[in-house]
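A.B. asks: Chains as they are written, first to last, in our numbering: chain R, 1 to 345; chain U, 346 to 690; chain W, 691 to 1320; chain E, 1321 to 1950.
No wet-lab data here; the hints were simulated from the structure.
From the three backbone atoms N, C-alpha and C, an ideal C-beta is built for every residue, glycine too.
Watch out, some of these pointers could steer you wrong.
[To be verified] Straight line, CA to CA, 30 Å or less: simulated DSSO-like cross-link-like pairs of lysine-lysine:
{"id": "1", "chain 1": "U", "residue 1": "576", "chain 2": "U", "residue 2": "492"}
{"id": "2", "chain 1": "W", "residue 1": "1295", "chain 2": "W", "residue 2": "1228"}
{"id": "3", "chain 1": "E", "residue 1": "1550", "chain 2": "E", "residue 2": "1332"}
{"id": "4", "chain 1": "W", "residue 1": "1181", "chain 2": "E", "residue 2": "1935"}
{"id": "5", "chain 1": "U", "residue 1": "542", "chain 2": "U", "residue 2": "576"}
{"id": "6", "chain 1": "U", "residue 1": "481", "chain 2": "E", "residue 2": "1520"}
{"id": "7", "chain 1": "U", "residue 1": "492", "chain 2": "R", "residue 2": "306"}
{"id": "8", "chain 1": "R", "residue 1": "249", "chain 2": "U", "residue 2": "651"}
{"id": "9", "chain 1": "E", "residue 1": "1604", "chain 2": "E", "residue 2": "1515"}
{"id": "10", "chain 1": "W", "residue 1": "920", "chain 2": "W", "residue 2": "1228"}
{"id": "11", "chain 1": "E", "residue 1": "1560", "chain 2": "E", "residue 2": "1515"}
{"id": "12", "chain 1": "W", "residue 1": "855", "chain 2": "R", "residue 2": "136"}
{"id": "13", "chain 1": "W", "residue 1": "886", "chain 2": "R", "residue 2": "148"}
{"id": "14", "chain 1": "R", "residue 1": "323", "chain 2": "R", "residue 2": "306"}
{"id": "15", "chain 1": "W", "residue 1": "885", "chain 2": "W", "residue 2": "830"}
{"id": "16", "chain 1": "E", "residue 1": "1460", "chain 2": "E", "residue 2": "1332"}
{"id": "17", "chain 1": "W", "residue 1": "1228", "chain 2": "U", "residue 2": "668"}
{"id": "18", "chain 1": "R", "residue 1": "306", "chain 2": "U", "residue 2": "594"}
{"id": "19", "chain 1": "U", "residue 1": "594", "chain 2": "U", "residue 2": "581"}
{"id": "20", "chain 1": "R", "residue 1": "306", "chain 2": "R", "residue 2": "231"}
{"id": "21", "chain 1": "U", "residue 1": "529", "chain 2": "U", "residue 2": "651"}
{"id": "22", "chain 1": "U", "residue 1": "668", "chain 2": "W", "residue 2": "885"}
{"id": "23", "chain 1": "R", "residue 1": "14", "chain 2": "E", "residue 2": "1763"}
{"id": "24", "chain 1": "E", "residue 1": "1582", "chain 2": "R", "residue 2": "331"}
{"id": "25", "chain 1": "U", "residue 1": "668", "chain 2": "W", "residue 2": "974"}
{"id": "26", "chain 1": "W", "residue 1": "1181", "chain 2": "E", "residue 2": "1925"}
{"id": "27", "chain 1": "R", "residue 1": "148", "chain 2": "W", "residue 2": "855"}
{"id": "28", "chain 1": "E", "residue 1": "1755", "chain 2": "E", "residue 2": "1582"}
{"id": "29", "chain 1": "W", "residue 1": "1125", "chain 2": "U", "residue 2": "676"}
[Said to hold, decoys possible] Covered stretches of chain W (chain U as the covering partner; in silico rule of three or more C-beta atoms under 8 Å from a C-beta of chain U):
{"id": "30", "segment": "919-932"}
{"id": "31", "segment": "950-962"}
{"id": "32", "segment": "1036-1049"}
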Amino acid sequence: MSLEVVKNEKLTRKDFTSDQDVRWCPGCGDYAILATLQNVLPQLGIPREKYAFISGIGCSSRFPYYMETYGFHTIHGRAPAIATGLKAHRPDLSVWVITGDGDALSIGGNHLIHALRRNVDLKIILFNNRIYGLTKGQYSPTSEYGKKTKSTPYGSVDYPLNPTALALAAEATFVARTHDTDIKHMTEVLKAAGEHKGSAFVEIYQNCVIFNDNAFTQVSDKQTRDDLSIKLADGKPLIFGKELNKGIKLNQGSMEVVSFEADSPPDDLMVHHATKDDSVYAHLLARMEEIPGLPVPLGVFRAIQKSTYDEMVQAQVQDAIEKTGPGDMEKLLNSGDTWIVENKA
Amino acid sequence: MSLEVVKNEKLTRKDFTSDQDVRWCPGCGDYAILATLQNVLPQLGIPREKYAFISGIGCSSRFPYYMETYGFHTIHGRAPAIATGLKAHRPDLSVWVITGDGDALSIGGNHLIHALRRNVDLKIILFNNRIYGLTKGQYSPTSEYGKKTKSTPYGSVDYPLNPTALALAAEATFVARTHDTDIKHMTEVLKAAGEHKGSAFVEIYQNCVIFNDNAFTQVSDKQTRDDLSIKLADGKPLIFGKELNKGIKLNQGSMEVVSFEADSPPDDLMVHHATKDDSVYAHLLARMEEIPGLPVPLGVFRAIQKSTYDEMVQAQVQDAIEKTGPGDMEKLLNSGDTWIVENKA
Amino acid sequence: MTTHSEANPQKKTEELESVVIRFAGDSGDGMQLTGGQFTNTSAVLGNDISTLPDFPAEIRAPAGSLPGVSAFQLNFSSSEIRTPGDQPDVLIAMNPAALKTNIKDVHHGAIVIINEDAFIPRNLERANYESNPLEDDTLKNYRVYRIPISTLNQNALVDIDISGKAKDRCKNFFALGMMYWMYERPLDVTIEWIKKKFAKNELVVEANIKALKAGFHYAETAEVISTHYKIQPAQLKPGKYRNIMGNEATALGLVTASTLAKTPLVYASYPITPASDILHELSKRKNFGVKTLQCEDEIAAIGAAIGAAFGGSIGLTGTSGPGLALKSEALNLAIIVELPLIVLNIQRGGPSTGLPTKTEQSDLLQAMFGRNGDSPLAILAPCTPGDCFHMALEAVKIAVKYMTPVIFLSDGYLANGSEPWMIPDYQSLDPIEVKHPQLTSEKFLPYLRNESTLARPWAIPGTPGLEHRIGGLEKEDVTGNVSYDPQNHEKMTHLRAAKIQAITQDIPDLEVLGKPEGDVLVVGWGSTYGAIYSAVEKLQKQGASVSSIHLRYLNPFPKNLESILGSFRRVLVPEMNMGQLAMILRAKYLIDCQTLNKVQGQPFKISEITAGIEKLLSSTHEVKNVARSR
Amino acid sequence: MTTHSEANPQKKTEELESVVIRFAGDSGDGMQLTGGQFTNTSAVLGNDISTLPDFPAEIRAPAGSLPGVSAFQLNFSSSEIRTPGDQPDVLIAMNPAALKTNIKDVHHGAIVIINEDAFIPRNLERANYESNPLEDDTLKNYRVYRIPISTLNQNALVDIDISGKAKDRCKNFFALGMMYWMYERPLDVTIEWIKKKFAKNELVVEANIKALKAGFHYAETAEVISTHYKIQPAQLKPGKYRNIMGNEATALGLVTASTLAKTPLVYASYPITPASDILHELSKRKNFGVKTLQCEDEIAAIGAAIGAAFGGSIGLTGTSGPGLALKSEALNLAIIVELPLIVLNIQRGGPSTGLPTKTEQSDLLQAMFGRNGDSPLAILAPCTPGDCFHMALEAVKIAVKYMTPVIFLSDGYLANGSEPWMIPDYQSLDPIEVKHPQLTSEKFLPYLRNESTLARPWAIPGTPGLEHRIGGLEKEDVTGNVSYDPQNHEKMTHLRAAKIQAITQDIPDLEVLGKPEGDVLVVGWGSTYGAIYSAVEKLQKQGASVSSIHLRYLNPFPKNLESILGSFRRVLVPEMNMGQLAMILRAKYLIDCQTLNKVQGQPFKISEITAGIEKLLSSTHEVKNVARSR
Ligand SMILES: Cc1ncc(C[n+]2csc(CCOP(=O)(O)OP(=O)(O)O)c2C)c(N)n1
Ligand SMILES: Cc1ncc(C[n+]2csc(CCOP(=O)(O)OP(=O)(O)O)c2C)c(N)n1
Ligand code: SF4
Ligand code: SF4
Ligand SMILES: [Mg+2]
Ligand SMILES: [Mg+2]
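When you get a sec, could you build the whole thing from the sequences and use the hints?
C.D. replies: Quick look at the structure:
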């Protein structure tokens, strides 16, 4: 029952498009993510019927309806748990969890961290629009401190959660970030997630035009994005800026920006390695979004290999069968102290 | 309604001892924690009636019954949420949450991280015995990988959660660890937690004699504990060992142990600063318990100051009253478009 | 603007008793707002009113699509009315999708006003129209007014320096202006509202007001609409009124209760349709000492409310069906520790996520029984938007007096519906007594009960000398210590039940609408009130032997319920569920209640109740006849 | 060891039909184990048996304290028995606390065996004895044997090289040995068990066996106990038997169902008393393809089970009351997406955390109604430990055939109680049919129903061409697409109800114990079976006009229930709750069921049921007389 990767070159985006009308608001970032994923899946070489999309509740969680795959629009916050059960029973499937910042981090925070720490082989795609879209605009756990929304007319007093930091604390084996306005980057990241074996956690900055428009100009504004964000490339130093003239250095455990002449970076810049075993380096990346002056990192923070929950669960079953033989029902029923009552006659 | 710290020197441990028989198993580590806390509270100078102890379910969660304070033994996993409501309404109280590794990290993981990220002024004391005690010995989220228990006769396949790393990912403002066999250390740590303003998270390694005996010999065995654990002291380098001849150095973001002649430590050792604003350093400490060869850190990992949720909630109320005057019920009832229907007569 | 009716003497005026209008358009067309304005204006004018908004499930489904249609129905009248009306007399359809989804509800002969400009091929296709309904016989049974609203509106705003798109967004005010002329409404309430609402943008204020006036003048002047109608003010009970929606009234009731009880409110909630507006409302009331916590989930929310109640506040949480399911374990904690707690449940279509934006009454059994163990609590249900205020007060009163959780069962229809509401005189409201015991010479016993209410004392942290512990394990009678004693458990189980039963002493007797005995008794609860009342009243006028009672206290029941039930030959229970109250009544009183169930996410029409009663009446006659012929 | 009865000819042998023994001691004293050994030995000997363990709530409360007492009662007999017995004939009290908490249940004249060594001042104080009960008249009505068990045991083990503490831990085997002599049981079953259990430690094996034998010989030789008793084998139905506990039988039934259905089992659970043992049992069955997931909470557990069911496994979750409350929201998801799911709920005392180690039947209404919206599902309840096997099979059968969640309502008494169980012949069990559709030329419609069962097809991921989406929003009939259509919602609500009703076709008719009509019908469900059966049988022998039926299918009910109810003048419903089944019966059949409620965390005694029936019988006679005299 392990994942058969059958090359099936003929599948295209259209094969992954269901007959249901897409019902997000015009201009919603969800459209771009949908289109990108419909493009990425055929590239993974997995037969269409082996995909299952599991979502919670939220605008983003309507996603499975639009995918011509097996799909399950479940209940608020529980998709990681439901997907864990599915994957534990069916390691042969490619199981994707589609969730929002409210769904994954508010009501569903616990299931998320437990799926990640168990390294269940799920692709968890978090559409982070920093707002509750479906319930019409209350602040979410990723909304900035002081945010004024319908439920916080005086501004929120909750400090936000950092999704990638949380995923790393749970020891997720794959952690990445991308955003809905860069199709190419999104394609790369989603493909890498799809190819990762183990829990893959992808945060996608997603614009909610209706209730939180322009929340991500830092990465989407063409004028400034190159100076305010940084794209991670494995084995490459952390360099960014429109002119590629800025880099990031570690100084006593703290990160700082250094400027240099384009094309001649200093050699004490931090070098990106997504495959570092301990999570401390990736944790540095996760904290960058909070530190004023540092660019927002985009790309794969971490990608390491560890046995997955589902394969270990499966292996225990196979081991037991190998060691003791397949279960014998007669024997099991008759185990323990037994005795026979004879027919009196 | 802010916390009145009234010096009340006359209180003693006995004043904090309730009339209920303590019903833990003989030899359980919970006894030592109870005694220590009953000793610490009188030192905090808070009137007894201002203390409230809120717990979930588990052996550890029976704790409030034994304290002569206000107490609430609630339901499994929800103590942080209940305590948040209490503290939001009553910033004047000193509210303590008593929880276990199952209560706090399994069913209650989400409430825990949300209480911490909001910086609710709660003292959250997690009795980590790496097992479910009350339900008679199933593995918990902190049990080591491969653990054989009643529910995992073939060994568990879940990778454990790291409580301090999780607390730090949630940006807890106070994170510490101590253990049930070192009364002096436990006293210091609990006192520091009690004096901290904001969410204080304390992990206590607690021995469950019945279902997980000797889980913490690393810190409790007199022969080896000095070499296998390290006590953190603010402003002091990270030095440990029976002979105080080992230290910890940071090398390219990774920690390593260096040995030296006693009394002449090299000066590139890491120096402990619990008050660092960004959490990266504390995160290094949190990861130490997982890295073979490194000692287990004990003490206060992090202690920083940030406005608390409860005081901000309270401040919004006071601000509103100051700005618009105390609510006028007549006016509120009569707001909006109104009209009068005259008596026909 | 008050002499308008004289302006065009060619047009005739007719007087009507009541009119049902439905505004329908795309989610982006502002129909809720338009309906709301018509409502406020009509209310201020003194009509009785009742409204029914119908939101799409999607935030903003693709423009012009069927799922994107948003509608608002209101009934306004010179006599007392109790429902938003069975069928619209006037439908305003801003696009083909709006026409398609709404025309089936409109009675023949009704007026249909159409924004002709929107009936272009692309929109027709989005609405799944094969041919243009304006050109086939789809509308042959209606009085159709085809008006190029978009164009007229654009023309009217030609001089204003805002984008064409922004201008188009004013077209709902153009339509509203037309309706104001048709029904002789003044413009000033809406003009004031526009000024306040768009205060930050002068041009938008100007544009909207201009559109409103242009619509009014167009209707007055153009030869399209020839008649306008007068609806006299209704003879409501004298007093000061405002228009109020159910969720708003609920929030207002809670703040009032808190003020009356001199005890601050802590509202902990997790957003969910259709309850979220209560959170939004209460979060504005900080100067009343109200604290609102938006929690990480429903369980945390009820937890926080319980924690706050332990600390001495009025602890509140609010949600809808799926959220109530999640709260059930913690609700039981509040039951066993006997703390006051108010749980608002604004019901919606179920099971599971179900129909989030539609109304239903299907959480009654969940409220009664949805917990482990025998776990009684009090249940109240408001019956009109305005009654939400009163029942919210009652909920708080009962919770603090009896130290018990109270479930307040509203629903989507009440939550978003509105009606004129006589503003109560705050000074004349009864104070709510809250007592927190202090140290006395006697030993403090946390489960020593008040003899009449059976409530335990509400001692709160911070009180010197009353330190005590409570928890979810069974408690020993009087002391509250943990107890596994068999007899004690049985005793406590009975005490918990008896305490809830004791609330009966504070519940007013039911009033029968109609004769105190007869053939058929209609028993309703919650939001079906208006439809049942109207149907029963109508049949009574026709001489039918039918009466009705309406339950707003569902656990415990009012004292006189049993005797009333016994005074009728047949009992009919209309519910927006599969017969939940009927089941409880049958079990409790062994009466063969008949059910009349509607599970469509829509409130009952008067005619549906009337038909149900008539059917039962006629079968009752048969039964009588059979009985006689025996 | 088989000729023992001859060994001491001075001692006399009496023959008894049945005996009720209760072993009671400190949690550390191994009373559960001792009781279990006596049970197994008696079972193998051919007696009928029934057991009732009574655990303390604490893991290990302080030694010698009242809350630390652990007890195990068993009834063994030469005739058929159905309960662990109302009152012990023999109490073994290993310390003062055990005496204190148990003596009140023992009938006068019964034997009380006392470990004299434990009655030292410290222990007496811990048990709150003011004076030594061995020296005052506390025990004057009993036949008391004071035996220095600790000392005798230590003496017996003097030669074995283990600590004194370790020796003391063998004293329960000494006591067991004495009882084996008293009731003429062979030692070999226990000796074998000791050898296996302590295989890793030879000295412990030796010590325990020695203690057992020493106890036996002491009883035989010393002049203290003068009589021993013979209890002939019972005439059980011929066949092969084993002793089985309810949770064990449940797990066995599930594995059997999975094997019969050729579909792997996924059991996702979160530990909770008294359900955890099912997780423990199933986790050993990996070679049957069983996967067990210990999840982070109850919601995750039901979620994982639903996910596994979506993937085509038999999805199972198990819990107790508070956990069922937490699962209620997700359960509704399974209802609306119509996936098979089995939810085991092992009831315990409520509300809230309540009495975790005590039994109760108070989750029936929660199981029926504890969800938002109208949300029907199937409910089954086993009636004896062995019946758990059968009903677990039934649960799986119904779930996969009707594509529905099934709640299996066991309780603490069944879970931990045991009885001899005739091992079924695996080959003769009916196979369970599971069908997953494959691609055909027809369009796949996920909500196209089977005409007879109304079940939708169970198409699973991985099947080429059947890709489809399900979810918690209301679904369109046949296609399963999201639908907000009012009529469709009503239709689907009715279809969901009709599907559950359709299960009736697979439910066997109820059998009446006794005459098919008469004065009183006793209606039971779940674990009250044994007590009701015994009481009814006894009264029938005395000529009373009483019969009984026992419901194992609670939703839907068996077809012939209504007609049986109608054949009796009065109906009595004994339940370990406040009348939950009675309420449903009253509502459904409008029959004035009388309730007989016991909410003490303890199963009914036969005498309590007998008294209840007698009371109703006499009032029935009065009614009859009144009727006659009219
Ligand atoms: C149990 C439950 N609680 C609450 C809700 C209401 N609800 C639906 S979606 C949502 C939050 C959506 O936010 P997010 O996950 O960020 O998704 P988005 O709509 O922004 O994509 C909430 C609170 C629900 N459906 N179910
Ligand atoms: C809702 C609910 N689920 C499950 C349980 C059963 N339960 C009680 S305590 C516990 C775990 C205890 O583990 P931990 O928190 O580590 O506490 P410890 O007993 O080890 O101190 C569980 C699973 C419960 N009481 N309530
Ligand atoms: S509300 Fe926001 S997130 Fe939801 S569909 Fe609209 S734009 Fe997208
Ligand atoms: S089971 Fe373990 S944790 Fe619980 S009281 Fe006993 S020793 Fe302590
Ligand atoms: Mg969002
Ligand atoms: Mg633990």
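A.B. asks: Against each hint, give a clear statement of whether it holds in the structure.
C.D. replies: These are the hints, each one checked on the structure:
The hinted pair formed by residue 576 of chain U and residue 492 of chain U meets the criterion: a straight-line CA distance of about 28 Å does not exceed 30 Å. Distance restraint check for residue 1295 of chain W and residue 1228 of chain W: the Cα-Cα separation of roughly 13 Å lies within the 30 Å cut-off, and the hinted pair is therefore satisfied. About 11 Å separates the Cα atoms of residue 1550 of chain E and residue 1332 of chain E, which keeps this hinted pair within 30 Å; it holds. Proposed proximity of residue 1181 of chain W and residue 1935 of chain E is supported: the alpha carbons are some 22 Å apart, at most 30 Å.
Distance check on the hinted pair: residue 542 of chain U and residue 576 of chain U sit about 23 Å apart at the alpha-carbon level, within 30 Å; holds. Distance hint between residue 481 of chain U and residue 1520 of chain E is fulfilled; the C-alpha atoms sit about 22 Å from each other, no more than 30 Å. Simply put, residue 492 of chain U and residue 306 of chain R have alpha-carbon atoms about 18 Å apart, close enough for the 30 Å limit, and the pair holds. Distance restraint check for residue 249 of chain R and residue 651 of chain U: the Cα-Cα separation of roughly 27 Å lies within the 30 Å cut-off, and the hinted pair is therefore satisfied.
Note on residue 1604 of chain E and residue 1515 of chain E: the hinted pairing holds, with a Cα-Cα distance of about 21 Å set against a maximum of 30 Å. Using a Cα cut-off of 30 Å, the hinted pair residue 920 of chain W and residue 1228 of chain W holds, with the two alpha carbons roughly 24 Å apart. At roughly 24 Å between alpha-carbon atoms, residue 1560 of chain E and residue 1515 of chain E fall within 30 Å of each other, so this suggested pair holds. The hinted pair formed by residue 855 of chain W and residue 136 of chain R meets the criterion: a straight-line CA distance of about 23 Å does not exceed 30 Å.
Between residue 886 of chain W and residue 148 of chain R the alpha-carbon distance is near 20 Å, which keeps this suggested pair within the 30 Å criterion. The hinted pair formed by residue 323 of chain R and residue 306 of chain R meets the criterion: a straight-line CA distance of about 25 Å does not exceed 30 Å. With a C-alpha separation of about 41 Å, the suggested pairing of residue 885 of chain W with residue 830 of chain W is violated against the 30 Å cut-off. Between residue 1460 of chain E and residue 1332 of chain E, the direct Cα distance comes to roughly 24 Å. Compliance with the 30 Å bound is thereby established for this hinted pair.
The hinted pair formed by residue 1228 of chain W and residue 668 of chain U fails the criterion: a straight-line CA distance of about 52 Å is larger than 30 Å. Between residue 306 of chain R and residue 594 of chain U the alpha-carbon distance is near 27 Å, which keeps this suggested pair within the 30 Å criterion. Restraint check: the Cα-Cα separation between residue 594 of chain U and residue 581 of chain U comes to about 13 Å, which is no more than 30 Å; the hinted pair holds. Distance hint between residue 306 of chain R and residue 231 of chain R is fulfilled; the C-alpha atoms sit about 25 Å from each other, no more than 30 Å.
The straight-line distance between the Cα atoms of residue 529 of chain U and residue 651 of chain U is roughly 28 Å, inside the 30 Å bound, and the hint therefore holds. Under the criterion of a C-alpha separation no larger than 30 Å, the hint pairing residue 668 of chain U with residue 885 of chain W is consistent with the structure, at around 24 Å. For the proposed pair residue 14 of chain R and residue 1763 of chain E, the alpha carbon gap of about 19 Å is at most 30 Å, so the pair holds. In summary, the hint linking residue 1582 of chain E to residue 331 of chain R is supported, as the alpha carbons are separated by about 17 Å, within the 30 Å threshold.
Note on residue 668 of chain U and residue 974 of chain W: the hinted pairing holds, with a Cα-Cα distance of about 13 Å set against a maximum of 30 Å. Distance check on the hinted pair: residue 1181 of chain W and residue 1925 of chain E sit about 19 Å apart at the alpha-carbon level, within 30 Å; holds. Distance restraint check for residue 148 of chain R and residue 855 of chain W: the Cα-Cα separation of roughly 27 Å lies within the 30 Å cut-off, and the hinted pair is therefore satisfied. With a C-alpha separation of about 11 Å, the suggested pairing of residue 1755 of chain E with residue 1582 of chain E holds against the 30 Å cut-off.
This hinted pair checks out: residue 1125 of chain W and residue 676 of chain U have alpha carbons roughly 27 Å apart, not beyond 30 Å. With 9 residues having a beta carbon nearer than 8 Å to a beta carbon of chain U, the segment 919-932 of chain W meets the requirement of three or more and the stated coverage holds. Counting residues of the segment 950-962 of chain W whose CB lies closer than 8 Å to any CB of chain U gives 3, which reaches the minimum of 3, so the coverage claim holds. With a cut-off of 8 Å between beta carbons, the segment 1036-1049 of chain W has 0 residues touching chain U; three or more are needed, and the interface restraint is violated.
The structure does not agree with the numbered hints 15, 17 and 32 stated previously, though it agrees with the rest.
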